[in-house]
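Enquirer: Could you build the full structure based on these sequences and the hints that come with them?
Counting the sequence shown from 1 gives a position; the numbering used here is that position plus 13.
Rather than coming from a laboratory, the hints here were simulated on the basis of the structure.
You may find that some hints are simply not true.
[Said to hold, decoys possible] Here are the simulated lysine to aspartate or glutamate pairs, EDC-like style, with alpha carbons at most 20 Å apart:
no.: 1; residue 1: Lys113; residue 2: Glu276
no.: 2; residue 1: Lys151; residue 2: Glu138
no.: 3; residue 1: Lys252; residue 2: Glu211
no.: 4; residue 1: Lys144; residue 2: Glu211
[What the hints assert, rightly or not] Taking CB as the label site, the calculated pair distances span:
no.: 5; residue 1: Asn212; residue 2: Asn162; range: 33 to 43 Å
no.: 6; residue 1: His182; residue 2: Thr288; range: 32 to 42 Å
no.: 7; residue 1: Lys210; residue 2: Ala125; range: 20 to 30 Å
no.: 8; residue 1: Thr181; residue 2: Glu276; range: 31 to 41 Å
Computed from a predicted model, the values in this text were never measured in an experiment.
Even for Gly, the Cβ is constructed at its ideal location relative to N, Cα and C.
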Amino acid sequence: MRPTGPEGDETVAVQRNVLACVTGSILKAWQFQYQEVCLFNHDWILMALTFLPELIENLHILEINFMIKTNIKTTAGIILAAGMSTRMQQLKQLVSFNGKPMLSWVMEAALASQLKTVFIILGHESQKIIKTLALQVKRPKLQVVINPNFRQGHSSSLICGLTQALDTHHDAVMFLLADQPCINSSFINYLLDQFYKENKPICAPRYLGRQLNPVIFQNTFYDKLLSIKGDKGAKQLIKAHSDRVTWVDVDQSLVFMTVDTPEDLDAVRLCYRRTATTFPAGKEYHPTNRS
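Expert: Below, the structure written as structure tokens:
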């Protein structure tokens, strides 16, 4: 979403600088070739490519400075998809759900949302997943990260993704699960809105008093997240700081249902068919209790 007012002016200025950088790189390369009297040789295009690393670095610095100057907050999505699916007895990331691999639904929802960047953390059978989802992993907003320590448990993928968010200067992270096929972009955006509106360091959905996923953490909690060990997530951390959580109470559970076993998959499919709301096709989701 493009900001208005002073921030809109800043955006226009950044766009002009980007155009100037690209044009300048090409003209600079063309000038070199012109001096060598190579007017009919298109090698100057290849010459322009030699300036791209410098251009990309400058644009990256420009983007970071712009976000700092205008105080724009960004959240990265981290999809935890490195598990071995031992209880599922097959690679659940690629299990078919409503005509597509289950992981594909989660990625589509995250990419269609207001998340700035989406990191997908792979481990077990990573190359098979990348090959099967080739179209998705080529998208600019999506970055595939391989966790070589995925056998060390859930926390290793959490830390692997968080390290990427630290390197790209995001103010917050949202952890999403690969086995939550009914999550949708509308609810992801609603969580982001509540997170920034309430200004607490943690935001989590809740159904009948039970904490659900996805969960958002402000950068002030990064150090605590990096200290998690073994096959654990962030649930205990949330419990220990429940007074610093923005709870988003919801009135139905389909969008949050996870698949760990074949029985879970049957239950989600049945619930999906029975519900009147078309998840994850894209209808707006509005919790009845917006607390």
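Enquirer: Lying within 31 to 41 Å: is that true of the beta-carbon distance threonine 181 to glutamate 276?
Expert: holds (39 Å)
Enquirer: Assess, step by step, whether the Cα of lysine 144 is no farther than 20 Å from the Cα of glutamate 211, and give holds or violated.
Expert: The given pair, whose Cα atoms are some 41 Å apart, is violated under the 20 Å limit.
Enquirer: Holds or violated: are the alpha carbons of lysine 151 and glutamate 138 at most 20 Å from each other?
Expert: Given pair lysine 151, glutamate 138 holds - Cα atoms ~18 Å apart, limit 20 Å.
Enquirer: Looking only at beta-carbon atoms, does the pair lysine 210, alanine 125 fall within the given range of 20 to 30 Å?
Expert: holds (21 Å)
Enquirer: 33 to 43 Å was suggested as the range; check whether the CB atoms of asparagine 212 and asparagine 162 agree with it.
Expert: holds (34 Å)
Enquirer: Given the hint of 32 to 42 Å, is the C-beta distance from histidine 182 to threonine 288 inside that range or not?
Expert: At 39 Å between Cβs, range holds.
Enquirer: Taking only the CA atoms, is the gap from lysine 113 to glutamate 276 under or equal to 20 Å?
Expert: Answer holds: lysine 113 to glutamate 276 is near 19 Å, not above 20 Å.
Enquirer: Could you grab the alpha-carbon distance between lysine 252 and glutamate 211 and see if it respects the 20 Å cut-off?
Expert: Holds, at roughly 18 Å.
In this structure, only the earlier hint numbered 4 is contradicted, and the remaining ones agree with it.
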